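Each chain, letter by letter, is given below.
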Amino acid sequence: DGGITQSPKYLFRKEGQNVTLSCEQNLNHDAMYWYRQDPGQGLRLIYYSQIVNDFQKGDIAEGYSVSREKKESFPLTVTSAQKNPTAFYLCASSIRENQPQHFGDGTRLSIL
Amino acid sequence: AQSVTQLDSQVPVFEEAPVELRCNYSSSVSVYLFWYVQYPNQGLQLLLKYLSGSTLVKGINGFEAEFNKSQTSFHLRKPSVHISDTAEYFCAVSGGMTTDSWGKLQFGAGTQVVVTP
Chain A
1 DGGITQSPKY LFRKEGQNVT LSCEQNLNHD AMYWYRQDPG QGLRLIYYSQ IVNDFQKGDI
61 AEGYSVSREK KESFPLTVTS AQKNPTAFYL CASSIRENQP QHFGDGTRLS IL
Chain B
1 AQSVTQLDSQ VPVFEEAPVE LRCNYSSSVS VYLFWYVQYP NQGLQLLLKY LSGSTLVKGI
61 NGFEAEFNKS QTSFHLRKPS VHISDTAEYF CAVSGGMTTD SWGKLQFGAG TQVVVTP
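Heads up: the protein sequence lines correspond to chains A and B, in order.
Its first residue numbered 1, the first sequence is counted upward by one per residue in our numbering.
Its first residue numbered 1, the second sequence is counted upward by one per residue in our numbering.
Please keep in mind that the hints were generated in silico from the structure rather than gathered at the bench.
Small disclaimer: the values here were computed from a predicted structure and weren't measured.
Incorrect hints may have been included.
[Said to hold, decoys possible] Listed below are several chain A residues computed to face chain B (Cβ distance under 8 angstroms; list not exhaustive):
1) Ser49
2) Val52
3) Phe55
4) Ile60
5) Ala61
6) Gly63
7) Ala81
8) Pro85
9) Leu90
10) Asn98
11) Pro100
12) Gln101
13) Phe103
14) Asp105
[To be verified] With a Cα cut of at most 27 angstroms, we get these calculated BS3-like pairs of lysine-lysine:
15) A:Lys70 / A:Lys9
16) A:Lys57 / B:Lys58
17) A:Lys14 / A:Lys71
18) A:Lys9 / A:Lys71
19) A:Lys71 / B:Lys49
Ideal Cβ placement from N, Cα and C applies to all residues, glycine included.
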């Protein structure tokens with residue numbers, strides 16, 4: 001079955017450490033997105049990519065970085081500059097912009 | 001810029017009773033509208049979408065929503081809920097081609113539906 005795979009499901013970060021969240025899709029979608037979810041705040045867009053080797057900042061990009069070297073993959077790095085990284089991170093993809101987005105099952109990041 | 005307001009943070013409802021989740025948006029141009037459902041510790045699943053055409057949209061699991069352009073609303077309804085409908089529901093809007101929100105979804109804060117026997 002086609003879908004989006006996020007790994008790991010749970011991740012712990014030490015102070016000053018960078019961590020990378022994986023997102024892979026086999027839906028042949030052009031667009032991919034990263035969201036951060038905090039209780040009571042809905043989802044906020046971190047980064048998005050409409051084509052390979054191109055990506056744009058979303059509403060809360062500070063302290064995060066991404067790459068899009070392959071159509072199927074859109075990893076997110078949470079850097080040490082992100083001072084409050086504890087959250088649920090969701091990756092999504094869509095066939096193109098403005099079409100319905102399909103979501104992975106998320107990665108929950110916590111600070112040790 | 002566009003925004004989405006979900007008017008209720010939590011909606012308690014008895015099993016087999018109807019439920020309505022309210023969503024209002026602000027945008028000066030035409031938009032695309034979506035409702036998603038999220039079960040605990042999972043991603044979001046698309047319930048239904050409005051892109052164009054009929055203002056009454058039917059989705060999965062017996063849900064439907066009505067797009068009201070004059071009131072800038074997109075309320076979600078289900079005539080008879082089940083225990084399994086207990087989840088969080090998100091309304092989302094995506095801007096039209098003439099906005100700087102092209103391709104980006106703006107989410108509401110979510111409505112937690114709790115169905116009790």
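Legend entry - Violated constraints from the hint list, given by number and in increasing order: 1, 2, 3, 4, 5, 6, 7, 8, 16, 17
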